[in-house]
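Generate the whole structure from the sequences, applying the supplied hints.
As a plain string of letters, each chain reads:
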Amino acid sequence: MLIDIRNLYKIYNEGKESEVRALDGVSLQIDKGEFVAIVGQSGSGKSTMMNVLGCLDIPTYGEYYLDGNDINSLNDKQLARIRNREIGFIFQGYNLIQELDALENVTLPLIYRGVSVFDREDMAMEALAKVGMDDRAHHRPSEMSGGQQQRVAIARAIATSPPIIMADEPTGALDSRTGRHVIEILRDLYRGGTTILLITHDDGIAATAKRVVRLSDGRIISDKPQEVDWA
Amino acid sequence: MNLWQAFKMAFKSIAMKKTRSFLTMLGIIIGVASVVIMVSVMQGQNEKNMEYWKKMGDNKIDLYAYSWMDMENETGEKIFDYCLSLSDLVVGVTPKAEINSTITIQYGAKTLKSNDWENMDYSSGKDPYLTMLHVYLGSDQFGICNNYTLASGREMSYLEVEKALPVCVLGSGAKEQLFGFTDPVGETITLNGDPFQVVGWYRSFNMGEENYTGSQMDNAVVIPYTFNRTMNNNNTIDQYVVKAKDSLSTVEAMTKLDSFLSGLFPKDENGQSSNGYYQFGSNDSFVEEQEKANLMQSLVMGAIAGISLLVGGIGIMNIMLVTVTERTREIGIRKAIGAERSSIITQFLIEAAVICSIGGLIGIAIGYVGTMIAGKLMEDVFEGIILMPEPFIAVGAFLFSVVLGIIFGMYPAIKASGLQPVVALRAD
Chain A
-19 MLIDIRNLYK
-9 IYNEGKESEV
1 RALDGVSLQI
11 DKGEFVAIVG
21 QSGSGKSTMM
31 NVLGCLDIPT
41 YGEYYLDGND
51 INSLNDKQLA
61 RIRNREIGFI
71 FQGYNLIQEL
81 DALENVTLPL
91 IYRGVSVFDR
101 EDMAMEALAK
111 VGMDDRAHHR
121 PSEMSGGQQQ
131 RVAIARAIAT
141 SPPIIMADEP
151 TGALDSRTGR
161 HVIEILRDLY
171 RGGTTILLIT
181 HDDGIAATAK
191 RVVRLSDGRI
201 ISDKPQEVDW
211 A
Chain B
1274 MNLWQAFKMA
1284 FKSIAMKKTR
1294 SFLTMLGIII
1304 GVASVVIMVS
1314 VMQGQNEKNM
1324 EYWKKMGDNK
1334 IDLYAYSWMD
1344 MENETGEKIF
1354 DYCLSLSDLV
1364 VGVTPKAEIN
1374 STITIQYGAK
1384 TLKSNDWENM
1394 DYSSGKDPYL
1404 TMLHVYLGSD
1414 QFGICNNYTL
1424 ASGREMSYLE
1434 VEKALPVCVL
1444 GSGAKEQLFG
1454 FTDPVGETIT
1464 LNGDPFQVVG
1474 WYRSFNMGEE
1484 NYTGSQMDNA
1494 VVIPYTFNRT
1504 MNNNNTIDQY
1514 VVKAKDSLST
1524 VEAMTKLDSF
1534 LSGLFPKDEN
1544 GQSSNGYYQF
1554 GSNDSFVEEQ
1564 EKANLMQSLV
1574 MGAIAGISLL
1584 VGGIGIMNIM
1594 LVTVTERTRE
1604 IGIRKAIGAE
1614 RSSIITQFLI
1624 EAAVICSIGG
1634 LIGIAIGYVG
1644 TMIAGKLMED
1654 VFEGIILMPE
1664 PFIAVGAFLF
1674 SVVLGIIFGM
1684 YPAIKASGLQ
1694 PVVALRAD
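Line order of the protein sequences matches chains A and B.
Counting in my numbering, the first sequence runs from -19 upward without gaps.
Counting in my numbering, the second sequence runs from 1274 upward without gaps.
Honestly, I wouldn't trust all of these hints.
[Stated by the list, open to error] Residues of chain A placed beyond 10 angstroms of chain B at every Cβ, according to the derived structure: (1) 12; (2) 75; (3) 116; (4) 208.
[Unchecked claim] Now the in silico label distances, taken between C-beta atoms and shown as ranges: (5) 1687/B with 183/A: 40 to 50 angstroms; (6) 141/A with 1289/B: 24 to 34 angstroms; (7) 65/A with 1687/B: 17 to 27 angstroms; (8) 1584/B with 182/A: 47 to 57 angstroms; (9) 65/A with 1661/B: 54 to 64 angstroms; (10) 5/A with 1584/B: 48 to 58 angstroms; (11) 112/A with 1281/B: 21 to 31 angstroms.
[Said to hold, decoys possible] Calculated cross-link-like contacts (lysine-lysine; reagent style BS3-like; alpha-carbon spacing at most 25 angstroms): (12) 1529/B with 1540/B; (13) 1529/B with 1518/B; (14) 190/A with 57/A; (15) 57/A with 1529/B; (16) 12/A with 204/A; (17) 57/A with 1281/B.
Read the hints as simulated data drawn from the structure, not as lab findings.
All C-beta atoms in this analysis are idealised placements derived from N, C-alpha and C, irrespective of residue type, glycine included.
Structure follows, in structure tokens:
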């Protein structure tokens, strides 16, 4: 079991009138090599779910085991290591650093990983090539279209070859054609053995996943595999 | 991530945000430069003041002792001998007795009068006292005791003084009035008709035209004190100048003189002495006073400099707080892709240190240039003033700014890097 959460709660303003239960007792198991879509309306808790699963946020209650490690027991340094090596993030807003060009953005996680100067540029270029952005290596985010920025963000996510990719509305800010291209890249990664977690509100996008988990008001209301035509 | 990487990242970040970096530096530049300039100006002024006072003072003890009992200057001899016995503390001792009666001084066709209170001529609009001559009785150490320096010739010799040979040394004012620009050494002048050979003359104290003490010293004609009998009606010599080796010796010599003199003039239970009176003081106490005044001035200027540093510091603080808050999102991104907290803090630390150091160095450079300019401007007002930036202050201001910049550059980074990445990412 790669991801194993049990009875997970994320509660804001607990005990107050304004209490919000973004995650309200969620349990979910995901195996290595799955392609899972987490689907829900805005406010259903799906982003919170990704943040918690991606160790970007800590749950209020509940257990979380990632590849057998009890996440709740890890310190800041160990969590940084997990975010760096185990998980690649793709955000809706790309979250590239504006002052750095494409290559530098993609190199960043490799720097934090401690990859040597000699290897990391090659590795970053390789990642850029996989998303077809190697010809834009020295463009800054402001000089690229949304789709290009997202592809650079994907390159950054896969640069360290993490076993898990988590994508939060990766196509949300893109037109449908560019969006399809991004989904295509995710499929390729899946074929290569990477576990994919796709968070979306769009059933059309969710239809590409092999398993769909539906969230509503912080709870899982359905969790079932589906047939896809591409696999 | 190693330190070299952190350095590269920091430099990259500085280079990418030139305006922000410059604004941050500006506070430091202004703070450091103003402190350097202000402190230099203040110190230049203080030194100028001290120079003035040291000309007058500088390890000099003025001694006044008068005995009602003796008519033959025995007390004077005792004091003189006692001072000579303090040779490990004292470098010279001389009577400094002005002949109060008017003496006619002649050189060639020129006739002048010393202490000529009868015929004070105010018609020129200038105080005639400033050019009035004064005849002093002194020892061979008169020059050194009164901080004179010889312009040419020599001092009176010990033997000349002992044997009452008719020699004299002139102050620069007396020399100018009698001889103009010609060298007086070897010439003979007459005092009340008696010939005296000029053996040397002293440089001017250069204390300004309206300075009475200075003009009095410059207009001196010094003859051996052994002429007291013939030239001064054998009046009691009651004033002496003792020159000590250094300021410590001055204090020690004064203590010894005090116990010696209180032995000569024992006091009764009312604190009165039946046989004489003595008093002494050192111009060093003026120097001390001046030092106190300077300290006061230093404190005031220091406070002003401190305030300007503080203002600069607040500037640094503001811009640092703003930029880092602005960069919380960047910190979130870096955390999300696996930056450890320490990497982020290191990066921001180096960034702040580099920006502040560059700003500080520019500040020092501007401070030095500004000091030079201030020195040029002040030359007209304070003749001979020399402004030199104090390296210690420059370094101090530099360190203060850098430390402040680092603290305020780090504090938000420490805070932001401690956030959950998702919280930092949401910041905008």
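Comparing the hints with the structure gives:
1. Distance check on residue 12/A: its Cβ is at least 21 angstroms (rounded) from any Cβ of chain B, clearing the 10 angstroms threshold; non-interface status holds.
2. Residue-level check failed: residue 75/A sits 5 angstroms from the nearest beta carbon of chain B, not beyond 10 angstroms.
3. Taking the minimum C-beta to C-beta distance to chain B, about 18 angstroms, the non-interface status of residue 116/A holds against the 10 angstroms cut.
4. The claim that residue 208/A is not at the interface with chain B holds, since no C-beta of that chain comes within 10 angstroms of its own (minimum 29 angstroms).
5. Taking the beta carbon of each, residue 1687/B and residue 183/A are about 44 angstroms apart, inside 40 to 50 angstroms as hinted.
6. Between residue 141/A and residue 1289/B the CB atoms are about 29 angstroms apart, so this pair conforms to the stated range of 24 to 34 angstroms.
7. The beta-carbon spacing between residue 65/A and residue 1687/B, approximately 25 angstroms, falls within the hinted interval of 17 to 27 angstroms.
8. Against the hinted window of 47 to 57 angstroms, the Cβ-Cβ separation of residue 1584/B and residue 182/A comes to about 55 angstroms, which satisfies the hint.
9. Our hint of 54 to 64 angstroms for residue 65/A and residue 1661/B holds, since their Cβ atoms are close to 58 angstroms apart.
10. Judged by the Cβ atoms, the range 48 to 58 angstroms given for residue 5/A and residue 1584/B holds: they are separated by roughly 56 angstroms.
11. In this structure, residue 112/A and residue 1281/B meet the distance hint of 21 to 31 angstroms, their C-beta atoms being roughly 28 angstroms apart.
12. This hinted pair checks out: residue 1529/B and residue 1540/B have alpha carbons roughly 17 angstroms apart, not beyond 25 angstroms.
13. Straight-line distance between C-alpha atoms of residue 1529/B and residue 1518/B comes to about 14 angstroms, which keeps the hinted pair within the 25 angstroms bound.
14. Note on residue 190/A and residue 57/A: the hinted pairing is violated, with a Cα-Cα distance of about 34 angstroms set against a maximum of 25 angstroms.
15. Taking the CA atoms of residue 57/A and residue 1529/B, the gap is about 74 angstroms. The hint is violated against a cut of 25 angstroms.
16. Our distance criterion of 25 angstroms between C-alpha atoms is met by residue 12/A and residue 204/A, whose separation comes to about 17 angstroms.
17. Between residue 57/A and residue 1281/B the CA atoms are separated by roughly 22 angstroms; this keeps the pair inside 25 angstroms, and the hint holds.
In summary, the structure is inconsistent with hints 2, 14, 15 from the numbered list given earlier, while agreeing with the others.
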